[in-house]
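Here the protein sequences line up with chains A and B, keeping their order.
For the first sequence, position 68 matches number 69 in this note's numbering, and the numbering has no gaps at all.
For the second sequence, position 135 matches number 146 in this note's numbering, and the numbering has no gaps at all.
Because the hints were derived from the structure by calculation, they are not lab data.
All C-beta atoms in this analysis are idealised placements derived from N, C-alpha and C, irrespective of residue type, glycine included.
Mixed in with the good hints there might be a few duds.
In silico DSSO-like links for lysine-lysine, alpha-carbon gap of 30 angstroms or less [said to hold, decoys possible]:
{"hint": "1", "chain 1": "B", "residue 1": "Lys128", "chain 2": "B", "residue 2": "Lys147"}
{"hint": "2", "chain 1": "B", "residue 1": "Lys192", "chain 2": "B", "residue 2": "Lys66"}
{"hint": "3", "chain 1": "B", "residue 1": "Lys16", "chain 2": "A", "residue 2": "Lys57"}
{"hint": "4", "chain 1": "A", "residue 1": "Lys83", "chain 2": "B", "residue 2": "Lys105"}
{"hint": "5", "chain 1": "A", "residue 1": "Lys28", "chain 2": "B", "residue 2": "Lys25"}
{"hint": "6", "chain 1": "B", "residue 1": "Lys151", "chain 2": "B", "residue 2": "Lys53"}
{"hint": "7", "chain 1": "A", "residue 1": "Lys83", "chain 2": "B", "residue 2": "Lys53"}
{"hint": "8", "chain 1": "A", "residue 1": "Lys57", "chain 2": "B", "residue 2": "Lys53"}
{"hint": "9", "chain 1": "B", "residue 1": "Lys105", "chain 2": "B", "residue 2": "Lys187"}
{"hint": "10", "chain 1": "A", "residue 1": "Lys57", "chain 2": "A", "residue 2": "Lys28"}
{"hint": "11", "chain 1": "B", "residue 1": "Lys16", "chain 2": "A", "residue 2": "Lys83"}
{"hint": "12", "chain 1": "B", "residue 1": "Lys187", "chain 2": "B", "residue 2": "Lys53"}
{"hint": "13", "chain 1": "B", "residue 1": "Lys84", "chain 2": "B", "residue 2": "Lys151"}
{"hint": "14", "chain 1": "A", "residue 1": "Lys28", "chain 2": "B", "residue 2": "Lys16"}
{"hint": "15", "chain 1": "A", "residue 1": "Lys83", "chain 2": "B", "residue 2": "Lys187"}
{"hint": "16", "chain 1": "A", "residue 1": "Lys83", "chain 2": "B", "residue 2": "Lys192"}
{"hint": "17", "chain 1": "B", "residue 1": "Lys53", "chain 2": "B", "residue 2": "Lys128"}
{"hint": "18", "chain 1": "A", "residue 1": "Lys83", "chain 2": "B", "residue 2": "Lys128"}
{"hint": "19", "chain 1": "B", "residue 1": "Lys147", "chain 2": "A", "residue 2": "Lys57"}
{"hint": "20", "chain 1": "B", "residue 1": "Lys128", "chain 2": "B", "residue 2": "Lys25"}
{"hint": "21", "chain 1": "B", "residue 1": "Lys151", "chain 2": "A", "residue 2": "Lys83"}
{"hint": "22", "chain 1": "B", "residue 1": "Lys105", "chain 2": "B", "residue 2": "Lys25"}
{"hint": "23", "chain 1": "A", "residue 1": "Lys57", "chain 2": "B", "residue 2": "Lys192"}
{"hint": "24", "chain 1": "B", "residue 1": "Lys28", "chain 2": "B", "residue 2": "Lys151"}
{"hint": "25", "chain 1": "B", "residue 1": "Lys28", "chain 2": "B", "residue 2": "Lys16"}
{"hint": "26", "chain 1": "B", "residue 1": "Lys147", "chain 2": "A", "residue 2": "Lys83"}
{"hint": "27", "chain 1": "A", "residue 1": "Lys57", "chain 2": "B", "residue 2": "Lys25"}
{"hint": "28", "chain 1": "B", "residue 1": "Lys128", "chain 2": "A", "residue 2": "Lys28"}
{"hint": "29", "chain 1": "B", "residue 1": "Lys84", "chain 2": "B", "residue 2": "Lys105"}
{"hint": "30", "chain 1": "B", "residue 1": "Lys16", "chain 2": "B", "residue 2": "Lys147"}
{"hint": "31", "chain 1": "B", "residue 1": "Lys66", "chain 2": "B", "residue 2": "Lys25"}
Ranges of calculated distance between the beta carbons of each label pair, as one might list FRET restraints [claimed, not checked]:
{"hint": "32", "chain 1": "B", "residue 1": "Lys151", "chain 2": "A", "residue 2": "Ala35", "range": "44 to 54 angstroms"}
{"hint": "33", "chain 1": "A", "residue 1": "Lys57", "chain 2": "B", "residue 2": "Met20", "range": "20 to 30 angstroms"}
{"hint": "34", "chain 1": "A", "residue 1": "Arg42", "chain 2": "B", "residue 2": "Leu112", "range": "25 to 35 angstroms"}
{"hint": "35", "chain 1": "A", "residue 1": "Arg42", "chain 2": "B", "residue 2": "Ala24", "range": "25 to 35 angstroms"}
Over 10 angstroms on every C-beta distance to chain A, these chain B residues come out as not near it, computed from the model [claimed, not checked]:
{"hint": "36", "residue": "Met15"}
{"hint": "37", "residue": "Thr19"}
{"hint": "38", "residue": "Glu38"}
{"hint": "39", "residue": "Tyr44"}
{"hint": "40", "residue": "Gly93"}
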Amino acid sequence: MIVRILGQGQLAIDSAATDELNALDAKVEAAVNASNEEAFRTAFCALLGRIRELGKPLDDAALEPSDLILPDEDATIEDVRKLLSDDGLIPG
Amino acid sequence: MSVMKRVTMIFRAKADKALDRMEDPRETLDYSYKQQLELLQKVRRGVADVATSRKRLELQMNQLQQSQNRLDKQARDALSAGREDLAREALTRKSGIGTQLADLETQYTNLQGEEEKLTLASQRLQAKVDSFRTRKETIKATYTAAEAQTRINEAFTGISEEMGDVGLAIQRAEDKTEQMKARAGAIDELMASGALDDVVSGSRDDIQAELDRMGSNRDVDLELERMKAELTGGSAPKELEGSAGQAGSAPAGAQPAEQPQAGDGA
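From just these sequences and the hints, can you work out the full model?
Here's what the structure looks like:
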């Protein structure tokens, strides 16, 4: 499985970790839905931290599409919402 | 649905939409490559813009630092002249500048971080664009519609994801530089108005004026004392000056011996 952290490149992670990451992601989702910035920060940092622990950076020249994409630590709930909004932040 | 999956889907949807617009897959490759080169230009400009902003900030921080040093010296001068009120005023202004400076330092660190991120993003994009170009030529050379489509889609999705990512980084950097420009402009205006800096800016420098006035009073007093002494005491000061001059020239007698040596060396 390939994960992209926005602004920081891609990481390859063993698919065995999917369930664990999904559980962490569920907490992020809950915090976003509850607009709880503090819970979001804790859950989001935990998720990113685990991804970095497990992941091996992909070569810069790799042209692999990612299975999962998520923002970096700087992101707030507001940023995440913007990413998810219809016209999104993503240019192009 | 999970946050990660939704973000991923949005990125993927953008790539798919762009792919659908193309009739001939090979056309997709060339078109995408052109866009990649444009984006590379843009990200490099972004790096340069952030660097410019950072340098401007550096300049302002230096100016504020100088103001601080000067106010510090003024406070000392005032205090040694027994003017605690002036010293207090100078220190108050120094502390105000210190607050501004601390704020700018935070901004500076932020901007440095942004510059680093953007530089890395530009390097990553460059590596991917190079790799895309190679793959593009291979696909075109061995083109058979059926098998090429999948490979084209793969390469395209991979690169367009990176482009979306870099695009976001550029936007963010642009936002921050805009904020910095506004802020730097405001500080320039403050400096020009003298509100931050009036202590050091020539005629508006009331603390320095007061210190100068006190200093020149002291000089005038000394000069007066000397004149009075000349008129009344007569030769005593002159003799002192004369002996001082002789004492100065006595050790100089050793120097002529050394001078030729210096000449030889040269």
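Hints, verified against the model:
no.: 1; hint: B:Lys128 x B:Lys147; verdict: holds, 28 angstroms
no.: 2; hint: B:Lys192 x B:Lys66; verdict: holds, 11 angstroms
no.: 3; hint: B:Lys16 x A:Lys57; verdict: holds, 20 angstroms
no.: 4; hint: A:Lys83 x B:Lys105; verdict: violated, 42 angstroms
no.: 5; hint: A:Lys28 x B:Lys25; verdict: holds, 27 angstroms
no.: 6; hint: B:Lys151 x B:Lys53; verdict: holds, 27 angstroms
no.: 7; hint: A:Lys83 x B:Lys53; verdict: holds, 23 angstroms
no.: 8; hint: A:Lys57 x B:Lys53; verdict: holds, 29 angstroms
no.: 9; hint: B:Lys105 x B:Lys187; verdict: holds, 28 angstroms
no.: 10; hint: A:Lys57 x A:Lys28; verdict: holds, 24 angstroms
no.: 11; hint: B:Lys16 x A:Lys83; verdict: holds, 15 angstroms
no.: 12; hint: B:Lys187 x B:Lys53; verdict: holds, 16 angstroms
no.: 13; hint: B:Lys84 x B:Lys151; verdict: violated, 72 angstroms
no.: 14; hint: A:Lys28 x B:Lys16; verdict: holds, 14 angstroms
no.: 15; hint: A:Lys83 x B:Lys187; verdict: holds, 17 angstroms
no.: 16; hint: A:Lys83 x B:Lys192; verdict: holds, 25 angstroms
no.: 17; hint: B:Lys53 x B:Lys128; verdict: holds, 15 angstroms
no.: 18; hint: A:Lys83 x B:Lys128; verdict: holds, 21 angstroms
no.: 19; hint: B:Lys147 x A:Lys57; verdict: holds, 27 angstroms
no.: 20; hint: B:Lys128 x B:Lys25; verdict: holds, 24 angstroms
no.: 21; hint: B:Lys151 x A:Lys83; verdict: violated, 38 angstroms
no.: 22; hint: B:Lys105 x B:Lys25; verdict: violated, 53 angstroms
no.: 23; hint: A:Lys57 x B:Lys192; verdict: violated, 38 angstroms
no.: 24; hint: B:Lys28 x B:Lys151; verdict: holds, 22 angstroms
no.: 25; hint: B:Lys28 x B:Lys16; verdict: holds, 18 angstroms
no.: 26; hint: B:Lys147 x A:Lys83; verdict: violated, 33 angstroms
no.: 27; hint: A:Lys57 x B:Lys25; verdict: holds, 26 angstroms
no.: 28; hint: B:Lys128 x A:Lys28; verdict: holds, 28 angstroms
no.: 29; hint: B:Lys84 x B:Lys105; verdict: holds, 10 angstroms
no.: 30; hint: B:Lys16 x B:Lys147; verdict: holds, 29 angstroms
no.: 31; hint: B:Lys66 x B:Lys25; verdict: violated, 37 angstroms
no.: 32; hint: B:Lys151 x A:Ala35: 44 to 54 angstroms; verdict: holds, 51 angstroms
no.: 33; hint: A:Lys57 x B:Met20: 20 to 30 angstroms; verdict: holds, 24 angstroms
no.: 34; hint: A:Arg42 x B:Leu112: 25 to 35 angstroms; verdict: holds, 29 angstroms
no.: 35; hint: A:Arg42 x B:Ala24: 25 to 35 angstroms; verdict: holds, 28 angstroms
no.: 36; hint: Met15; verdict: violated, 4 angstroms
no.: 37; hint: Thr19; verdict: violated, 4 angstroms
no.: 38; hint: Glu38; verdict: holds, 17 angstroms
no.: 39; hint: Tyr44; verdict: holds, 12 angstroms
no.: 40; hint: Gly93; verdict: holds, 53 angstroms
Of the numbered hints listed earlier, those contradicted by the structure are 4, 13, 21, 22, 23, 26, 31, 36 and 37.
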